[in-house]
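Asks: If you read the protein sequences in the order shown, they are chains A and B. The C-terminal residue of the first sequence carries number 474 in our numbering, and the numbering is unbroken. The C-terminal residue of the second sequence carries number 574 in our numbering, and the numbering is unbroken.
Please note that the accuracy of each hint is not assured.
[Unchecked claim] Selected chain A positions facing chain B (Cβ under 8 angstroms, derived; list incomplete):
id, residue
1, 146
2, 147
3, 195
4, 237
5, 305
6, 324
7, 326
8, 327
9, 330
10, 339
11, 341
12, 431
[Claimed, not checked] Computed list of lysine to aspartate or glutamate pairs in EDC-like fashion (alpha-carbon distance at most 16 angstroms, straight line):
id, chain 1, residue 1, chain 2, residue 2
13, A, 242, A, 227
14, A, 93, A, 323
15, A, 296, A, 265
16, A, 287, A, 256
17, A, 287, A, 471
18, A, 377, B, 508
19, A, 99, B, 548
20, B, 486, B, 508
21, A, 93, A, 351
22, A, 296, A, 268
23, A, 377, B, 516
24, A, 377, B, 524
25, B, 486, B, 499
26, A, 93, A, 342
27, A, 99, B, 550
28, A, 242, A, 461
29, A, 99, B, 551
Since the hints were derived computationally from the structure, they do not count as laboratory data. Note that this is a predicted model, so its numbers are computed, not measured. Heads up, the beta-carbon is just placed ideally off N, CA and C, and yes, glycines get one too.
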Amino acid sequence: MSNFSTATSIAHNVASGAQSAASVVEEHLQRISQREEEVHAFNLVTSAEARERAADLDARIARGENVGPLAGVPIALKDNMCTRGIPTTCSSKILEGWKPPYNATVVDKLFAADAVFVGKTNLDEFAMGSSTENSAFGPTRNPLDTSRVPGGSSGGSAAAVAAGFAAVSLGSDTGGSIRQPAALCGVVGVKPTYGLVSRYGLVAFASSLDQIGPFSHSVADAALLTEVIAGHDPMDSTSIPKPAPSLVSVLGRGVEGMRIGRVADLPEGADADVLARLDAAFIALEKAGATIVDVKLPSLSYALTAYYLIAPAEASSNLARYDGVRYGNRVAANDMNNMYADTRAAGFGDEVKRRIMLGTYALSAGYYDAYYGKALKVRRLISNDFAAAYANADVILTPTSPTVAFPFGAKTDDPLTMYLCDIFTIPTNLAGHPAMSVPFGTGQANMPVGVQILAPTLGEEAMFKVAAVLESAA
Amino acid sequence: MSERLSAADVAKVARMARLNISAADVERYTQQLDGMLDHFADIDNLQLADVQPMTQPFPLVNVLRADVEQPCLDREEVLNAAPAAEQGRFRVPPSGGEDE
Numbered sequence: 001m002s003n004f005s006t007a008t009s010i011a012h013n014v015a016s017g018a019q020s021a022a023s024v025v026e027e028h029l030q031r032i033s034q035r036e037e038e039v040h041a042f043n044l045v046t047s048a049e050a051r052e053r054a055a056d057l058d059a060r061i062a063r064g065e066n067v068g069p070l071a072g073v074p075i076a077l078k079d080n081m082c083t084r085g086i087p088t089t090c091s092s093k094i095l096e097g098w099k100p101p102y103n104a105t106v107v108d109k110l111f112a113a114d115a116v117f118v119g120k121t122n123l124d125e126f127a128m129g130s131s132t133e134n135s136a137f138g139p140t141r142n143p144l145d146t147s148r149v150p151g152g153s154s155g156g157s158a159a160a161v162a163a164g165f166a167a168v169s170l171g172s173d174t175g176g177s178i179r180q181p182a183a184l185c186g187v188v189g190v191k192p193t194y195g196l197v198s199r200y201g202l203v204a205f206a207s208s209l210d211q212i213g214p215f216s217h218s219v220a221d222a223a224l225l226t227e228v229i230a231g232h233d234p235m236d237s238t239s240i241p242k243p244a245p246s247l248v249s250v251l252g253r254g255v256e257g258m259r260i261g262r263v264a265d266l267p268e269g270a271d272a273d274v275l276a277r278l279d280a281a282f283i284a285l286e287k288a289g290a291t292i293v294d295v296k297l298p299s300l301s302y303a304l305t306a307y308y309l310i311a312p313a314e315a316s317s318n319l320a321r322y323d324g325v326r327y328g329n330r331v332a333a334n335d336m337n338n339m340y341a342d343t344r345a346a347g348f349g350d351e352v353k354r355r356i357m358l359g360t361y362a363l364s365a366g367y368y369d370a371y372y373g374k375a376l377k378v379r380r381l382i383s384n385d386f387a388a389a390y391a392n393a394d395v396i397l398t399p400t401s402p403t404v405a406f407p408f409g410a411k412t413d414d415p416l417t418m419y420l421c422d423i424f425t426i427p428t429n430l431a432g433h434p435a436m437s438v439p440f441g442t443g444q445a446n447m448p449v450g451v452q453i454l455a456p457t458l459g460e461e462a463m464f465k466v467a468a469v470l471e472s473a474a
Numbered sequence: 475m476s477e478r479l480s481a482a483d484v485a486k487v488a489r490m491a492r493l494n495i496s497a498a499d500v501e502r503y504t505q506q507l508d509g510m511l512d513h514f515a516d517i518d519n520l521q522l523a524d525v526q527p528m529t530q531p532f533p534l535v536n537v538l539r540a541d542v543e544q545p546c547l548d549r550e551e552v553l554n555a556a557p558a559a560e561q562g563r564f565r566v567p568p569s570g571g572e573d574e
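All chains should be modelled from the sequences, with the hints used to inform the complete structure.
Replies: See below:
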């Protein structure tokens, strides 16, 4: 764990009056002013709004009012979550300057919990990428080594927490976009069960895969933030109609008697330093009283193909809305079709265009069955594999990322090389399960390694119990 | 490299996706997308005839509400965010172009 204050301790101190929300915000804004130019975690720092909210909160505390569970906690939001009146760009030129007319549900929940927003964080354009190099506004740098990427697509949110710019942040995870940058920046990152956190106001990339989740310094902070943002939302038709789970309370319970799955047929591709940390994690859990069981997931090696057909197919449909009519930017043309095509060509970056075309192709007449249709069947196989594995295991452990954070430009020449970064995180999204990355020591170049804990649908309790034990053993 | 994807295919896909891209970009995307499709051929030999497709993590239930008036987004605020608006509506150029 880092030396920065946790959200849990900040909220406790602010609520009890031991520390003012204003002083907490100033401390974080000062770190932003010191290092943001170098790191570029943010598309927008909302200093004035943060100071105003902190002052308001301090006044309420002085009056003896009750405050929320995130009282005074500085939080950063990935810039693909709608914030009313505050620009939301998705790191794309096509949305530059757009101010949403409504808040995402998670934003309203964080307001209600008395969190303090410090800014909107950088991402790979429309969350498509694994290094934040695809942002139209320039890359984010890894605060632990600025010659390396922070991962992606929520690279800005991971870097903001790792650099101490915010105590916690939110990202979105479609194929690993929370867990992989968390691993590369040495912080905790959680992708909750699909449907546990409302997607209302999250700009859609691939709607059957997207899920919002937290970044934090500690497992307890991640549990607290998940509790705050989870729960049923009638504004999201895929929201699970159940109350938010209780997660902070399970953290001290240990893993005695739990069955931890080790994937016997894990796809190749992870570096030796990463696999060594995974082995160490199994040993730590065994020492803590868990049993290690071998599980098989034979379809896992096909997950990359299924994902890179399904996600672009959904994206090609979702991104059709950026047509220069209702919001965002427009390139003027004499007729409507040219206006659409010129606007989209100028507004979207290279990777977004590539995925829109891949998805359009996979859905087009004559190719639908061969590509999209087949990918949906492979998705079923993967889901079936997990169901069989979870008959024998409570959770499964894998690497989060095959490598530690890599240098800029290392994977930008061939798109497929970049896609392979997500090989261990993608299967979770296809199944709709929860998973999280917990920092567990370091690998090459002394960069952090994350261990990924996978659990079945709504298996967050078991996942967090294991995470807490790994955190204390790291 | 396979011949599964031609430059003409990519140009057609770009038109369908309303992306006005240059001839040089068509060449580049053809090469990159063809390379991906090569990789994606790994699922070609799977026996999938009896497998049900999975579009969502769990079955969706249609969400309905009572058909009564309720507050919605502010018209002015929404139109202000548009590239062009006139008389309370979005303004667009004429739809005179050829369509597929």
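Asks: Each hint needs a verdict: does it hold in this structure or not?
Replies: Results for each hint:
no., hint, verdict
1, 146, "29 angstroms, violated"
2, 147, "27 angstroms, violated"
3, 195, "7 angstroms, holds"
4, 237, "5 angstroms, holds"
5, 305, "5 angstroms, holds"
6, 324, "6 angstroms, holds"
7, 326, "5 angstroms, holds"
8, 327, "5 angstroms, holds"
9, 330, "4 angstroms, holds"
10, 339, "5 angstroms, holds"
11, 341, "4 angstroms, holds"
12, 431, "7 angstroms, holds"
13, 242/A with 227/A, "12 angstroms, holds"
14, 93/A with 323/A, "13 angstroms, holds"
15, 296/A with 265/A, "6 angstroms, holds"
16, 287/A with 256/A, "9 angstroms, holds"
17, 287/A with 471/A, "14 angstroms, holds"
18, 377/A with 508/B, "22 angstroms, violated"
19, 99/A with 548/B, "13 angstroms, holds"
20, 486/B with 508/B, "15 angstroms, holds"
21, 93/A with 351/A, "13 angstroms, holds"
22, 296/A with 268/A, "14 angstroms, holds"
23, 377/A with 516/B, "14 angstroms, holds"
24, 377/A with 524/B, "9 angstroms, holds"
25, 486/B with 499/B, "13 angstroms, holds"
26, 93/A with 342/A, "13 angstroms, holds"
27, 99/A with 550/B, "13 angstroms, holds"
28, 242/A with 461/A, "15 angstroms, holds"
29, 99/A with 551/B, "9 angstroms, holds"
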